[in-house]
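Quick mapping for you: the protein sequence lines, in order, are chains A and C. So in the numbering used here, the last spot in the first sequence is 263, and the numbers never skip. So in the numbering used here, the last spot in the second sequence is 497, and the numbers never skip.
Derived by calculation from the structure, the hints in this document are not laboratory data. Computed from a predicted model, the values in this text were never measured in an experiment. One should not assume that every hint holds.
Claimed, not checked - Per label pair, the in silico range of CB-to-CB distance:
1. 96/A x 417/C: 41 to 51 Å
2. 59/A x 25/C: 49 to 59 Å
3. 44/A x 146/C: 48 to 58 Å
4. 13/A x 153/C: 28 to 38 Å
Think of the CB as a built atom: it goes at the ideal place given N, C-alpha and C, for glycine as much as any other residue.
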Amino acid sequence: MLEWLARGLHKGIVTTGYPRRPEPAPAGFRGRVAVIEAGAADPSLEDVCPTGAITVRDGDVALDRGRCILCGLCVAADPARFTLVSDFETAAGSRWALVVGEPPVATLDAVRRTLGDRSRTLRRSIHIRHVDAGSDGADEWEISALTNPYYDMQRLGLYFTPAPRHADVLLVTGGVTESMRAPLARTYEVMPSPKAVVAAGTDACSGGFALPAGEVAGGVDQVLPVHVYVPGSPPSPIALLHGLLLAAGIVTNEIANERQAQP
Amino acid sequence: MKPEPLRRLEDPSELLAQPRLAAVVEDAPGDERRLKLPLARLDAAAELLVERHGRLVGMFCVDRPEPSLLVSIAFRGELIALRAPLEGEVEYPSLARFSRAALLPERELHDRFGLVPVGHPELTPILHPDPDRITRDVIGAGTFVMPYGPVRSGIFESIQYEIETGGEDVLALHVRPFFKHRALEQRFRDLPYEHGTLLAERVAGIATVAHALAFAQAVERATGVEATRRAQRWRVVHAELERIANHLDVAMKLADDAALAVGVARFGILKEEIMRLRARLCGSRFGRGVVVPGGVSAPLLAPNDVLRALDEFERDLRRDRRLLLATTSFTDRLIGSGRLDFAAIESYAGVGPVARGSGVATDARFERPYGAYVRLGGDPVTSEEGDAQGRLLVRFGEIRQSLHLIRQAFERLDKYGPELRADLPPVDATGFGWAEAPMGEVVYWVALGGGRVRSTRIASPSLRNWPLFAASFRGDVLTDFSFIEHSFGLTPAGADR
Numbered sequence: 001m002l003e004w005l006a007r008g009l010h011k012g013i014v015t016t017g018y019p020r021r022p023e024p025a026p027a028g029f030r031g032r033v034a035v036i037e038a039g040a041a042d043p044s045l046e047d048v049c050p051t052g053a054i055t056v057r058d059g060d061v062a063l064d065r066g067r068c069i070l071c072g073l074c075v076a077a078d079p080a081r082f083t084l085v086s087d088f089e090t091a092a093g094s095r096w097a098l099v100v101g102e103p104p105v106a107t108l109d110a111v112r113r114t115l116g117d118r119s120r121t122l123r124r125s126i127h128i129r130h131v132d133a134g135s136d137g138a139d140e141w142e143i144s145a146l147t148n149p150y151y152d153m154q155r156l157g158l159y160f161t162p163a164p165r166h167a168d169v170l171l172v173t174g175g176v177t178e179s180m181r182a183p184l185a186r187t188y189e190v191m192p193s194p195k196a197v198v199a200a201g202t203d204a205c206s207g208g209f210a211l212p213a214g215e216v217a218g219g220v221d222q223v224l225p226v227h228v229y230v231p232g233s234p235p236s237p238i239a240l241l242h243g244l245l246l247a248a249g250i251v252t253n254e255i256a257n258e259r260q261a262q263p
Numbered sequence: 001m002k003p004e005p006l007r008r009l010e011d012p013s014e015l016l017a018q019p020r021l022a023a024v025v026e027d028a029p030g031d032e033r034r035l036k037l038p039l040a041r042l043d044a045a046a047e048l049l050v051e052r053h054g055r056l057v058g059m060f061c062v063d064r065p066e067p068s069l070l071v072s073i074a075f076r077g078e079l080i081a082l083r084a085p086l087e088g089e090v091e092y093p094s095l096a097r098f099s100r101a102a103l104l105p106e107r108e109l110h111d112r113f114g115l116v117p118v119g120h121p122e123l124t125p126i127l128h129p130d131p132d133r134i135t136r137d138v139i140g141a142g143t144f145v146m147p148y149g150p151v152r153s154g155i156f157e158s159i160q161y162e163i164e165t166g167g168e169d170v171l172a173l174h175v176r177p178f179f180k181h182r183a184l185e186q187r188f189r190d191l192p193y194e195h196g197t198l199l200a201e202r203v204a205g206i207a208t209v210a211h212a213l214a215f216a217q218a219v220e221r222a223t224g225v226e227a228t229r230r231a232q233r234w235r236v237v238h239a240e241l242e243r244i245a246n247h248l249d250v251a252m253k254l255a256d257d258a259a260l261a262v263g264v265a266r267f268g269i270l271k272e273e274i275m276r277l278r279a280r281l282c283g284s285r286f287g288r289g290v291v292v293p294g295g296v297s298a299p300l301l302a303p304n305d306v307l308r309a310l311d312e313f314e315r316d317l318r319r320d321r322r323l324l325l326a327t328t329s330f331t332d333r334l335i336g337s338g339r340l341d342f343a344a345i346e347s348y349a350g351v352g353p354v355a356r357g358s359g360v361a362t363d364a365r366f367e368r369p370y371g372a373y374v375r376l377g378g379d380p381v382t383s384e385e386g387d388a389q390g391r392l393l394v395r396f397g398e399i400r401q402s403l404h405l406i407r408q409a410f411e412r413l414d415k416y417g418p419e420l421r422a423d424l425p426p427v428d429a430t431g432f433g434w435a436e437a438p439m440g441e442v443v444y445w446v447a448l449g450g451g452r453v454r455s456t457r458i459a460s461p462s463l464r465n466w467p468l469f470a471a472s473f474r475g476d477v478l479t480d481f482s483f484i485e486h487s488f489g490l491t492p493a494g495a496d497r
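Build out the structure end to end from the sequences listed, making use of the hints.
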């Protein structure tokens, strides 16, 4: 056991400072695809995208990050119009925001500061229940990476719990297959209020590559109300952390509102 | 128990030319043999090959070149495809009579295509499992069934187990897959080749590279064009990094089962370092977008940067591995747990580290080498223990082998031309492609037409090995469950498709 202790100390501290400090993504990392030039687009651009994330209407191109699997085929086809951004913080508070982009409320640093303050004040820590509703399996690896020493989610007051009755946040992966519909709905029902649902990964946001009809419902929001969308195929651990902290804010705000409403 | 490699089929032409089989030989690319035969003779031909120690890889209902039932059987050096045209018939003699490996595929074909295997012992629906339906085999005072899943404790993929127990001993275990069935095989229809690899990457996310490779190689074999030499070398690098990450994940989960906190942290760090190296190398932590039909996308790192990172990684790993295997509170939980013998592996046609951990030296990289493995060579890593410890030792041996293969792959990289990608012509053809995923051999069948994918079928190692997990409980108790499960290292996404 002493030897294990020595092994544990040998590497020093590897944990990220996120969200108090930004965590830069490595060069070339596929974080998200951005549209640089929207106008005068050819409708044939839609066929470039394998998951139908690109739509051209009246010559204007729109990219739905909730459908995008970050393959980069559009960037290769038209580099003057699309670009890959090496960015970890990709979560959004609505499905719509993934298409048009978040309103420019504040600079990224300010958002990060808010998230940092939030994690510091999580005295009532947030418990997360994960449900796989038909993912490709990679999302689960990234979620479980949150507990490794590089990300160490517990330092922010975020914990995984096996019991849905103790959970504040439901973290769902996958586009919801036929057989997972009922188990997912049941998990949500037994969670106490206030609760927030996070759709993690492109599959959970929109169904991703799966057929729009048939075996897969086409996204968690077809079955449950979703509060935070984390796109990505799969989303990186920092993207998940970003999304979970946004969800934690929703839960804590609701608790504060309830307290205020009480006489 | 001596490690036994997958055998070579002796005198195949003579064997398969028997008049009673009425088989017609069709054109096929090298190391593939195609036979067309009547549906009523399919089981006789398959039995003949299984008796000669062929491994049943998969059973597929295909629509090209005509509606047929396709059975593929692997030998050393070749893959044999038996194809029986379906002329309106829906009944065929079940292969489960002589091979347990046919049990699950035949149930799936029944649900998806209405094909009836006559003589199948348990033809119940499998594709849309109902979590509330409970199976029970063992009857006796004090025994009960404990359903576990599909929503389980911890960050796991969805699958359901029904554990029959009297309180401590696991008396019987039933595996219920397909909670995550996404109908992905149908989704391949009419995709351009390039979109096809992207979809294959998402069939089993933790084996992204292996699935993309099996698909791309099926397309390449059908078109008769090989990936460029340089691309083949890069494919080895990515595939082996994926194997290392998967094996470290298993070591980490096993350490977690034994509540070895520092061990979990250490192996978590090692795995994260490999994931970060992959992100720097290709922009994706899972190697997505690397394999393209005919080659690979351009790497973002120079070989020397990869080698330097791996040298440091290996130094760290060596110490952690030694310490883990010397921690008796850990190894005590693995030794003797979930023991499988040679005969069980053969009857279920087991693959991957599960088979190799029981002395079955089967590994697609070396028995039917593809791409750069043809020149790199090597032998499967095996263990003769047959238990969870044996499977872990195989994984550690394979990490060392993977590091060696990556170094070898880089050694001669400069001798090849700079081209990373070959053009594939549009053809009307079908083909098989295979790759050794971290959990075992994955096989793709594709039909191409007019420059697009017309149809795809997938034989996944996870589905193949899952019945073996149920069969491995012999006198094991409930607390051994997670150790045995994690020692298998399977993924429901790949099994359910």
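Now for the hints, and whether the structure bears them out:
1. Between residue 96/A and residue 417/C the CB atoms are about 49 Å apart, so this pair conforms to the stated range of 41 to 51 Å.
2. A C-beta distance of roughly 57 Å is found between residue 59/A and residue 25/C, which places it inside the suggested range of 49 to 59 Å.
3. Under the hint 48 to 58 Å, the C-beta atoms of residue 44/A and residue 146/C, about 56 Å apart, fit the expected range.
4. Separation of residue 13/A from residue 153/C is about 30 Å and conforms to the stated range, judged on CB atoms against 28 to 38 Å.
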